[in-house]
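Q: Sequence:
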Amino acid sequence: MMKWIFTLFSNPKFKLTYILILLIACVYYLFLKADKFYALANNANVKIIGLAFILIYLTLLLYAFISYYIYKNLNVSISYLQAFRIMSFSNLGKYIPGKIWVAGNYFLFSQEAGIKTANIGVSFAIFTSVFVGIAILFSIPVISILSPYLKYYIIILPIILILVAHPKVLNWIFSLIWQIVQKYKGNFKDINLQILKEIKYHFYLNVILIIFLWWLVTGFTFYLVTYAFQPIEITNLPFCIAAFALSATIGFIAIFVPAGIGVREGIGILLLSQIVTTECAFLAMLTMRLIGVTIDLCNGLISVFCIHSSNSQN
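Using the working numbering, read the sequence shown as starting at 50 and increasing by one per residue.
It should be emphasised that the hints constitute simulated quantities derived from the structure, not laboratory data.
Where hints are given, some of them may not hold.
What the hints assert, rightly or not - Only pairs whose alpha carbons sit at most 35 Å apart, straight line, appear in this in silico DSBU-like list of lysine-lysine:
#1 Lys-249 x Lys-121
#2 Lys-121 x Lys-165
#3 Lys-165 x Lys-249
Keep in mind that this is a model prediction, so the values were computed, not measured.
Whole structure, please, built from the sequences with the hints as guidance.
A: Okay, here's the thing in structure tokens:
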């Protein structure tokens with residue numbers, strides 16, 4: 050089955066069609082929210098929103114750098130442009146129901162860049178585990194507002210993620226997966242678990258620090274967006290970071306909802322309305338969403354036009 054998918058994906062026409070489907074899904078979501086632009090334009094401080102747009106774009110460039118950094122430390126030959134493409138097309142998968150499209154795009158476009166299966170799996174596991182784990186740590190200031198069930202889930206999840214990201218646990222998980230795959234599908238020549246034995250703890254520390262910086266800047270951007278609709282004290286910055294981190298995390302794990310549509314906004318509005326009006330909370334969450342979708346679409350288009358440049362650096 051996987052071999053058939055890779056063969057089909059290697060066809061330029063099929064790959065272009067698939068990319069167009071991703072872009073159309075993103076455009077469609079943007080179209081659904083088009084009627085809200087008027088409300089945003091009439092209520093927001095445009096200069097602050099412009100600054101927020103720039104900051105969010107910079108965080109997405111950093112997002113691609115995280116993937117690039119992890120791959121490079123797994124001794125993968127990859128350029129930043131290739132990592133940018135992988136993450137851009139992976140993000141477009143958010144707009145199709147089922148978060149499997151995000152992971153699937155990450156896998157397919159990493160394979161296209163010539164990256165081996167084991168490296169892709171390890172990279173995705175480390176990236177996702179640390180990314181969500183740091184987000185939950187930032188969420189601590191608002192956990193008390195959640196229902197008892199969600200509190201328990203949010204407290205337990207970081208522990209699980211830390212365990213999953215540990216080299217020994219990853220080695221055990223992937224060894225088990227490869228044994229099952231080899232038993233039923235034959236040997237995979239590109240599988241080499243030695244990479245897990247070569248990972249150093251300072252590498253994990255660097256990844257944690259970079260992702261910590263990512264959430265810090267993203268949370269500050271959310272504070273600016275909120276401030277654009279209703280001026281609030283800088284002392285509310287930790288709360289804004291926590292509210293956005295938690296809403297984004299819950300939206301991410303809402304598997305069958307495209308891009309966490311409704312889920313992220315609902316949680317964000319519930320949390321943010323503790324310090325601002327409900328209308329302001331709604332407009333702030335909507336603005337973050339629209340800016341994010343616009344940038345995802347732009348990055349997807351940039352990646353399409355940079356295909357030849359990316360391949361030339363392969």
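Q: Hint by hint, which ones does this structure get wrong, listed from lowest number up?
A: Checked against the structure, no hint fails, so every one of them is satisfied.
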